[in-house]
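Q: Heads up: the sequence lines are chains W and U, in that order.
What the first sequence shows, in numbering that gives the first Met the number 0, is residues 0 to 250, in sequence order.
What the second sequence shows, in numbering that gives the first Met the number 0, is residues 0 to 250, in sequence order.
FYI, nobody ran anything at the bench for these hints, they're computed from the structure.
Please note: incorrect hints may appear among the correct ones.
Copies of the same chain look alike in the list, so a pair counts if it fits in one copy or across any two.
Claimed, not checked - Capping the alpha-carbon separation at 16 Å, the derived lysine to aspartate or glutamate pairs in EDC-like fashion look like this: (1) K46 x E72; (2) K46 x E11; (3) K192 x D168; (4) K197 x D221; (5) K100 x E65; (6) K7 x E98.
2 protein chains.
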Amino acid sequence: MDKIGKYKFIAEPFHCDFSGHLCLGHLGNHLLNAADFHATGRGFGMKHLLGIQRAWVLSRLAIEMEEIPQQLEHFNVETWIEGAMRYFTQRNFAITSDEGKVYGYGRSVWAMIDTETRQMTDIFAIDNGAINDFIVTDKPCPIEKGDRVKMGNDAELVRTLDIYYHDIDINGHVNSVKYIEHVIDLWDLPWHKEHPIKRFEIAYVAEAHQGDRLHFYREQTDPLTYCVRIAKTTHDTPTPTEVCRCKIHFR
Amino acid sequence: MDKIGKYKFIAEPFHCDFSGHLCLGHLGNHLLNAADFHATGRGFGMKHLLGIQRAWVLSRLAIEMEEIPQQLEHFNVETWIEGAMRYFTQRNFAITSDEGKVYGYGRSVWAMIDTETRQMTDIFAIDNGAINDFIVTDKPCPIEKGDRVKMGNDAELVRTLDIYYHDIDINGHVNSVKYIEHVIDLWDLPWHKEHPIKRFEIAYVAEAHQGDRLHFYREQTDPLTYCVRIAKTTHDTPTPTEVCRCKIHFR
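Starting from the given sequences, assemble the full structure and let the hints guide the process.
A: As structure tokens, then:
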């Protein structure tokens, strides 16, 4: 089994934005699907893990694009594991065309949890550290790793959203892709027309659930860079607590 | 070329709801993709039509499901044209498994417009009525056709939404699939837990754009059936005008 997986996708018309380019949230979804296809093919996919009381949890995702696939374009998502530690693995992505063009890259960090205790567990305990057989160190992923997103206390509350049916995934949590979409929706169409997204990174901190409200705090750190903190309030906890943090670079 | 097209899909994890079943909006998206794959393979797909100043416009869609594909399940969308008239075609769908199980069916009605004048045009004018070569009259689609959704004036305004970046498609209009999602989001998770959707139908009346606001009016017509009218207000027209109308049957 090749250490690098390569999966075919198409930029579906209803997944494309006003400009005819694939929305970044849908691209993120394709990366996460490719990650599971790759893991499943190598014995550590979600379905197998759930049978042994384990699950992958996405901790960070960064996507940086030189060019975004356009409506009905076919593209590939290549994915491989760059490194594994006891509690985290780094998984990289390259988004490419069949002709060898590179649209962009992605980087992600995953933890493994025990689905009963919800605590992090030792990744190397799965099949005697079998994941180490799939580490690729010689394939470049020439984008920066996501760093901790630093934000001051001056970020402005720019939107509050109720959580609806479509936000919630099978675990009862807000779907990782939905956060990306809600954050990108903070900018209006005229802004997106002038400023396509170059890089999007997100770090997931805690889970939000049906009935919670999400509050989006935004801070501009340079003319084309913004940080967004998402916090939740719950019925019992009216003080906002952080659920994730994003950094977006526009062109 | 077979008159019936059959396309493979998978219920992607981030397209599934709290119960692990594919969300109906994503299923609708797959039906619309299958429609274009089928049309493209037979010489009347969107890409070809845009080159001759024509486009298909979805007028109605009805989906009725006995069972919904679950997370990571593979399924097929079969699609064929049941009938064509000068201004409208009827396209049907069957959602099936490789083992022959039928999950459900769909029915849709499409008009063809001139992309310059935005007026309806004669479908039979395309390649001398070539679409008539692909009509299938002997494949059953045993669900009711969508009828005009009758609503009184007592429907209650239950939600108002601003239109964001992700709502808008390449034509600058609110994406057909997004309406379905916004309507389904009118019911909360506890309702959806008790009452899975059996049938969803939508009739598109007019277009909404970035900057418009959408207003959702809901009316219960029997214990498990609701009608929803979506109207828009624009900067210049503060009186709501209808953009689409839905009918939802729950179990």
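Q: Next step is simple, just say for each hint if it's right about the structure.
A: Hints, one by one, checked against the model:
1. K46 x E72: between (30 Å within a copy, 12 Å between copies)
2. K46 x E11: This pair counts as between: shortest inter-copy Cα distance 13 Å, intra-copy 26 Å.
3. K192 x D168: Between copies only: 13 Å across, 31 Å inside.
4. K197 x D221: within (14 Å within a copy, 50 Å between copies)
5. K100 x E65: Classified as within: same-chain Cα gap 10 Å, cross-chain 43 Å, threshold 16 Å.
6. K7 x E98: within (13 Å within a copy, 25 Å between copies)
In the structure shown, no violation is registered for any of the earlier numbered hints.
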